[in-house]
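Novice: Protein chains in written order, with our numbering: chain A, 984 to 1350; chain B, 984 to 1350; chain C, 984 to 1350; chain D, 984 to 1350.
To be clear, the hints were calculated from the coordinates, so they are not data collected in a lab. It is possible that part of the hints are untrue.
Any copy will do: because identical chains look the same in the list, a pair fits if it lies in one copy or spans two.
The list that follows gives simulated cross-link-like pairs (lysine-lysine, DSBU-like), each with its CA atoms no further than 35 Å apart [stated by the list, open to error]:
1. 1192 - 1011
2. 1118 - 1182
3. 1139 - 1326
4. 1070 - 1204
5. 1060 - 1204
6. 1239 - 1001
7. 1011 - 1060
8. 1239 - 1011
9. 1192 - 1070
10. 1182 - 1001
11. 1192 - 1121
12. 1326 - 1001
13. 1239 - 1035
14. 1060 - 1139
There are 4 protein chains.
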Amino acid sequence: MADQTKAISYSSYLQLEKLLSSQSPITKGSAAPAHDEMLFIIVHQVYELWFKEILTELDSVRSLFMAEYISESEIGKAVARLERVTKIQNILLEQLAVLETMTPLDFLDFRDQLNPSSGFQSVQFRLIENKLGLKPEKRLAFTKHAYHSVLSDEEKEIVRRSEDEASLFELVDQWLARTPFLQFEGFDFWESYNSAVQKMLERELTIIKDNPMVTDEVRQKEIENHQQTRASFEAVLSEERHAELVREGQLSLSLKALQGSLMIFLYRDEPIFHLPFRLLTALIDIDELMTSWRNRHALMVQRMIGRKIGTGGSSGYHYLGEAAEAHKVFADLVNLASFLIPKSELPELPEEFRRHLGFLYTKETEE
Amino acid sequence: MADQTKAISYSSYLQLEKLLSSQSPITKGSAAPAHDEMLFIIVHQVYELWFKEILTELDSVRSLFMAEYISESEIGKAVARLERVTKIQNILLEQLAVLETMTPLDFLDFRDQLNPSSGFQSVQFRLIENKLGLKPEKRLAFTKHAYHSVLSDEEKEIVRRSEDEASLFELVDQWLARTPFLQFEGFDFWESYNSAVQKMLERELTIIKDNPMVTDEVRQKEIENHQQTRASFEAVLSEERHAELVREGQLSLSLKALQGSLMIFLYRDEPIFHLPFRLLTALIDIDELMTSWRNRHALMVQRMIGRKIGTGGSSGYHYLGEAAEAHKVFADLVNLASFLIPKSELPELPEEFRRHLGFLYTKETEE
Amino acid sequence: MADQTKAISYSSYLQLEKLLSSQSPITKGSAAPAHDEMLFIIVHQVYELWFKEILTELDSVRSLFMAEYISESEIGKAVARLERVTKIQNILLEQLAVLETMTPLDFLDFRDQLNPSSGFQSVQFRLIENKLGLKPEKRLAFTKHAYHSVLSDEEKEIVRRSEDEASLFELVDQWLARTPFLQFEGFDFWESYNSAVQKMLERELTIIKDNPMVTDEVRQKEIENHQQTRASFEAVLSEERHAELVREGQLSLSLKALQGSLMIFLYRDEPIFHLPFRLLTALIDIDELMTSWRNRHALMVQRMIGRKIGTGGSSGYHYLGEAAEAHKVFADLVNLASFLIPKSELPELPEEFRRHLGFLYTKETEE
Amino acid sequence: MADQTKAISYSSYLQLEKLLSSQSPITKGSAAPAHDEMLFIIVHQVYELWFKEILTELDSVRSLFMAEYISESEIGKAVARLERVTKIQNILLEQLAVLETMTPLDFLDFRDQLNPSSGFQSVQFRLIENKLGLKPEKRLAFTKHAYHSVLSDEEKEIVRRSEDEASLFELVDQWLARTPFLQFEGFDFWESYNSAVQKMLERELTIIKDNPMVTDEVRQKEIENHQQTRASFEAVLSEERHAELVREGQLSLSLKALQGSLMIFLYRDEPIFHLPFRLLTALIDIDELMTSWRNRHALMVQRMIGRKIGTGGSSGYHYLGEAAEAHKVFADLVNLASFLIPKSELPELPEEFRRHLGFLYTKETEE
């Protein structure tokens, strides 16, 4: 604080005068003031404040990952900040309950007057999506248009710039591809992994065939499912298949990154993989909470406006429900569960390898 | 307590000996005990205990609605009990976070040994669905088979019986159809409502046509949407259209019940409609929380087992996601929002009518 | 919107430019920028926005209760708005988890630079307390000074004005004192209530004396407790005792209001008491959530600054813990549970009385 | 499963027949069945199931800490399990909302018939307290008696045995006292820490003296507070003072353990301290959630029974409130915040030291 003559106060620090004069209900002073409009404004402003904090964290984590070399303590920071994002997302979800105290009939009191403004115009929400790594070409048809068309020129520019920046997805992909020890002094993890997978698949097939509780029809369907499961392992085991799936838009992570994250998931109990495991978990959580938010939001919109067109002209509920599914960024990490094998079947790590994974001081205190 | 010689204790009252000896992990005592199996068992047992409480409340509410005449204080009880169900559902949702502390790899430690048992075999969950009013024929294809095929004969019988009982949906439909005052001494609510609707639709069309922020292509789409909106009002205004929609499976409530609930929604500020309004709100909440649970559960299953087959042979994640959408029971009530019109355009109630809606004592204290 | 040339947008409606430029971390641009300061600012701003919404609702409810005659539908509105306040309070509680992602060490990075600003300077929080009905003379010693001394002259004036306004507590007290039917055509509720109470007390004394599970010492203590319980009933049964308790600061509600609320609690199943019962419940909830917030906040402060002085010089944790207990506004309503008697022992209402409590239309549909 | 002839089912695995036949409301079949008694039973049974899971986790963590040598991956497991406990505690808190749907009047319908059983008789709750490390001599006066006197002989024995076992508190104390690197090759952390502390205290005194916003009276009080703060640092800096505070019951952790945890808090960004930091955080969270639960529970009890004696004869609300404060186990860890100093004033670690704290592989990849 340069100016020592004026003591800082709670109110000046938080700029409350500005903050608390930023609510101007349209219907205030009109013939029919709508009591709930203040709630509507404040809820949305709270969302935007949280969005700003989420962006602050995403930007700082992206910066950390842009470095050439990322130390363990920086991964620790990234984890803490991403976990903070999930805590905020929980609040975003829970505070829908506050907005839902406004009934559809109350909303009708001022809804038409908001036209054509719309939540689709939230620049910060678009930035969050883009910085996480939602690619423009993955957006649903409707939003591909709306996404830009509803924005002012200045806003368009801001959003477009964020498309060009390295997203968290891309940065994490690169970092994962550098996971150490995928190959180590003659120990070939992937060969061992592959053979363990084949054994597991055989065992599962037997279970399906022997299940006494299903009809033949169901069993047949399950066998077909199993064949698909077997085929799905090609995604991580075959370079060609992986490339094909990426082309088809069914996979996004690079093969190296997929292998790296699989190793982290399988050996997360080794000290060296603790933080990376929490990092991947935080990313999955963020994605899951985005999806939960989209789902809950879609339910709320349906409840508020039914099948009618939303403010701003979106087709409303239906679109939101689809988006929840299509707009996942880290789906590959979630789907990694498909490629896990039981700990008991994990290829054992060579002794020399394990020694390298422990903390140095561990070795010393053992002496 | 007849037997005064033995004082009741916390432990005997809650039958803790029985309760706390009902956990027998399969892997306990085996070569590879799975630490997380106890969590898995307890979480599921907690779910079943809550299901029992939900069924207790649903049965009591159904009983209340089976009476010839349902007094205001009984509606009050029904509301309190349904709101209790929503509080329990909130817990069901939140405690998924506990189960998610088990990672997919931890689950693999004992997952195969659970085969072919499956959550699809929860009889109480099926009873909740049936008693709420999910019709067997509305169940998704897969579950139509599984729903019965995975159950023992005794369980099948229990579930089947619940299909024949009057569901909460049916009982509420009948009660709604009896809403008083739809016609009242020459005041024709529906005629006034209809004309108000037509005015509103005209105004909305103007907004769409004048919206400067959308392309012509989008505007065209919105006009088509609006035509659908207009058409959708036929659901409550035309007997033929309503019957058709019921046949097509797009509507479930009877026309009278739809009209009754619309009246309740529109005039919920009148004392007489307070409790009915809370009742409908509680039903919508229950449905929304069921959907949220299915969505969140689907995410958790995907995270736990990826694209692989679920225990018990369900196709897992994909099925659960679809069910969330298809298995709504009170969708008609949610969609009522489509038929609301602004309070300012509501047909005014005749004075004599209003007098009948107030409490008697109000009149007296006014004197 | 007067100016039709400029279409309203999401961003202009929510005044996002203003809102999102109101965060200026002190350490930004300094030699040692503190990453978590942005979080700290935003969390507090979110609190202030919610406070504004709470004040909006409290003011509107106070207005409703200032009227000469309060109709049932206005009570309905008051209930809906107070229940909304509780939903917001839940969020205030839950979002402490976001702030707790900042560790004490992170806070140290900028804590000293905030001095002497302090959360004690939140004018809106003081307004909420005052408008609910916290009397200045009931404030704990420390805060009695701090409460004003830390504010600017302008802020002092605003807070002082709110002390003079009719608080929600006072307005509800007056409204409760007008509860109808305390006396009714020769039926003396209080006489019947009193005799039922005496019977219940006798029964409880027997239970204590016969309890086989406690030592004589404990039993003796329980008998003394019971005598206090008996004495405590004087609060509602004796005018002198009530006046004495009010003088001693142990009771705040007027005798008439206490009797009114007791009647509401005991006969809440009668239609006429439904909304009043929810109103009292909402007030108890608001008080309980304020207390929970103070408790949780005290824990967080202890965790953040330990036993050291808080920013702004408050003695911090210790004060906050005490305040949680002392600053309850609707404690009398919570303590009403002490004066309840089992439904089976409730004096029965005369038939004529019940008829007046029902809705008029009920009578007619019975004919 | 030895017996392959009988396929495992959901119902047999979860022992649902046993579980769901363990609810026998006392008032069922009586002249006045109390609808809410089922809820009351099920809520308490759910609590007991969760208690069993918490005990399972606490026992497994205690086992891990009983080992001579505790590897990093075992700390990782301990952290995951303690964090799981906090997730369960969150549910324990939130589900109070379900029980609160039962009103005091509803409870009166069966409350007397539960006598003399009481929640004080929950053996599992006592075990959780004891295994965490609540010492019998620290229990509040009332509960010191009740704690045993309300239990059956068999229950007493179980509880007493748990008092003799090594508690989590004791095991963590011992483990903390072994924190490596407190002294390291001539680097004396404590000397540097001490001098940094003295500098910080001087700065804070200046702030207090220069604060323009407080009266002289308040300033004088703050200066006294500051002297106490200065004195409080003796707790970690002076062996004599520490011993004295332990004798007085104001501190519980050994001096070595306090120093170890302080080091972990101050250098938590170093990879080696990541997991220990999360461990301490989880312990603080567990303690805070226990306190929150006691606070919320006390509020609920007050609301349910007012000032009257509780079932089982406890003095109820008042006791519970006090216990929340007195029964903290890890208060020393929370109060560590008092001893933190800003990162900028932290003694710098010698290069050699830092090298030992990093992962071995880090060094190699740097080459």
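Novice: If a hint holds in the structure, say so; if it does not, say that too.
Specialist: Evaluation of the provided hints:
no. : hint        : verdict
1   : 1192 - 1011 : between (69 Å within a copy, 27 Å between copies)
2   : 1118 - 1182 : neither (38 Å within a copy, 42 Å between copies)
3   : 1139 - 1326 : neither (49 Å within a copy, 37 Å between copies)
4   : 1070 - 1204 : neither (41 Å within a copy, 38 Å between copies)
5   : 1060 - 1204 : neither (47 Å within a copy, 39 Å between copies)
6   : 1239 - 1001 : neither (50 Å within a copy, 45 Å between copies)
7   : 1011 - 1060 : between (46 Å within a copy, 19 Å between copies)
8   : 1239 - 1011 : neither (58 Å within a copy, 38 Å between copies)
9   : 1192 - 1070 : neither (44 Å within a copy, 39 Å between copies)
10  : 1182 - 1001 : neither (66 Å within a copy, 38 Å between copies)
11  : 1192 - 1121 : between (39 Å within a copy, 30 Å between copies)
12  : 1326 - 1001 : between (57 Å within a copy, 33 Å between copies)
13  : 1239 - 1035 : within (33 Å within a copy, 43 Å between copies)
14  : 1060 - 1139 : within (32 Å within a copy, 42 Å between copies)
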